[in-house]
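A.B. asks: The primary structure of each chain is shown beneath.
There are 2 protein chains.
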Amino acid sequence: MAKGETTKDAILDRALALATQSGLEGLTMGSLAKEVHLSKSGLFAHFQSKEQLQLDVLETAVARFIEMVIAPALREPRGEPRVRALFERWLEWEDAKFLPGGCPFISLANELDDRPGPLRDRLVGYQKDWMQALATAARIAMTEGHFRADLDPGQFAYDLYAIILAYHHFSRLLRDPASEAHARQSFAALLAASRS
Amino acid sequence: MAKGETTKDAILDRALALATQSGLEGLTMGSLAKEVHLSKSGLFAHFQSKEQLQLDVLETAVARFIEMVIAPALREPRGEPRVRALFERWLEWEDAKFLPGGCPFISLANELDDRPGPLRDRLVGYQKDWMQALATAARIAMTEGHFRADLDPGQFAYDLYAIILAYHHFSRLLRDPASEAHARQSFAALLAASRS
Numbered sequence: 002m003a004k005g006e007t008t009k010d011a012i013l014d015r016a017l018a019l020a021t022q023s024g025l026e027g028l029t030m031g032s033l034a035k036e037v038h039l040s041k042s043g044l045f046a047h048f049q050s051k052e053q054l055q056l057d058v059l060e061t062a063v064a065r066f067i068e069m070v071i072a073p074a075l076r077e078p079r080g081e082p083r084v085r086a087l088f089e090r091w092l093e094w095e096d097a098k099f100l101p102g103g104c105p106f107i108s109l110a111n112e113l114d115d116r117p118g119p120l121r122d123r124l125v126g127y128q129k130d131w132m133q134a135l136a137t138a139a140r141i142a143m144t145e146g147h148f149r150a151d152l153d154p155g156q157f158a159y160d161l162y163a164i165i166l167a168y169h170h171f172s173r174l175l176r177d178p179a180s181e182a183h184a185r186q187s188f189a190a191l192l193a194a195s196r197s
Numbered sequence: 002m003a004k005g006e007t008t009k010d011a012i013l014d015r016a017l018a019l020a021t022q023s024g025l026e027g028l029t030m031g032s033l034a035k036e037v038h039l040s041k042s043g044l045f046a047h048f049q050s051k052e053q054l055q056l057d058v059l060e061t062a063v064a065r066f067i068e069m070v071i072a073p074a075l076r077e078p079r080g081e082p083r084v085r086a087l088f089e090r091w092l093e094w095e096d097a098k099f100l101p102g103g104c105p106f107i108s109l110a111n112e113l114d115d116r117p118g119p120l121r122d123r124l125v126g127y128q129k130d131w132m133q134a135l136a137t138a139a140r141i142a143m144t145e146g147h148f149r150a151d152l153d154p155g156q157f158a159y160d161l162y163a164i165i166l167a168y169h170h171f172s173r174l175l176r177d178p179a180s181e182a183h184a185r186q187s188f189a190a191l192l193a194a195s196r197s
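Heads up: the protein sequence lines correspond to chains D and E, in order. This note's numbering numbers the first residue of the first sequence as 2 and each following residue consecutively. This note's numbering numbers the first residue of the second sequence as 2 and each following residue consecutively.
In case anyone wonders, no lab produced these hints; they're calculated from the structure. Here the structure is a predicted model, which is why all the values come from computation and not from measurement. It is possible that some hints are incorrect.
The list makes no distinction among identical chains, and a pair is therefore deemed to hold if it is satisfied within one copy or across any two copies.
[Unchecked claim] DSSO-like mimics (lysine-lysine), calculated; alpha carbons at most 30 Å apart, straight line: (1) K9 - K98; (2) K35 - K98; (3) K41 - K129; (4) K98 - K129; (5) K129 - K35.
Okay, chain D solo, but in the shape it has when bound (with noise of 0.2 Å):
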């Protein structure tokens, strides 16, 4: 059992590394099976459906970023220190070796922003999710006094995420090297207008 889920969660890694390039939609069981060394009938031990494992592709990339950007900026210090490390974290996040296709999140939002089904559904619920999460963090760093009291924190959730979406744009389309300098230069704009 152990050993099983073991795999299932390598296989997982590996199924969304591909769809981050290819899209989960060009995420056949076929290309799968190749790609992990393992028969398709094998695969379907582990997924019993392309819809199945679309989802699991999805709690995966979830599940790390939690571990890689959200985990390590809640034991900041509350407030502007949390701000800028769920910044750092998610610049991070953008450029991580095991997302060769770059983010998955916005890669699949363009992907499923025109396919109704409970793929995108959990997709959307992650995202408001996510932006309630960064209007958290806004709200936590105007109680401690270091953002202005009427600063409006959805506003600041939408500004932040547009710096990152951005910095995908302009450093996986362009490959063009000042992009990161754009990004932190935006995000420090972007806290010079917040602070009180």
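For chain D, the structure is supplied; the task is to place chain E on it using the hints.
C.D. replies: Relative to chain D, chain E alone:
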């Protein structure tokens, strides 16, 4: 000849609409032929290959963007009014009825960022042109005295693009009715921080 050209333009507009939803890879000669009520051989009379069709669709998107966003903005007074017009038109572009899947440049960036080739090269070229056009608009606003003299025009272009990317992301994926208000608030803050 004139009639043939019109037909080709009409086919390309339909192909562009389809590509915003299914991606350029999902745009097959078969699905397009069905959509425009032509035989596949009738379609091949216009486009010699799928690659040629994809390039033509990208050129069509660029032509529409120039018509809808760039040309009208260039008729506005130099400086901040022109920057505002670029933003307003760009935001309209994101919701244009003839682009049912949203901005083709954003979805193509996600589709092509890991796929080297002439199509990706062409898209990168257009993105660089557009970033330079935005930076130029900011530079003109500096020489007109609307924007401060130490503004970084490249950073301004990045920040403006970030706002549109976030609008695309949140309006399309989350169908969030607050997206437009957030985008406008971000743009107002960017203008305020850029003014002399």
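A.B. asks: Is the C-alpha distance from K41 to K129 at most 30 Å within one copy, between copies, in both cases, or in neither?
C.D. replies: This pair counts as neither: shortest intra-copy Cα distance 35 Å, inter-copy 44 Å.
A.B. asks: Given identical chains, is K9 near K98, meaning Cα to Cα at most 30 Å, within a copy, between copies, both, or neither?
C.D. replies: Only inside one copy: K9 and K98 sit 20 Å apart there, 44 Å across copies, limit 30 Å.
A.B. asks: Are the CA atoms of K98 and K129 at most 30 Å apart within a copy, between copies, both, or neither?
C.D. replies: both (26 Å within a copy, 26 Å between copies)
A.B. asks: Is it within a copy, between copies, both, or neither that the alpha carbon of K35 lies no farther than 30 Å from that of K98?
C.D. replies: Within one copy, since 21 Å is at most 30 Å while 42 Å is not.
A.B. asks: Go through the copies and call it for K129 and K35: within, between, both or neither, with a Cα cutoff of 30 Å.
C.D. replies: Intra 35 Å, inter 38 Å, cutoff 30 Å: neither.
In the structure shown, a violation is registered for the earlier hints numbered 3 and 5, in ascending order.
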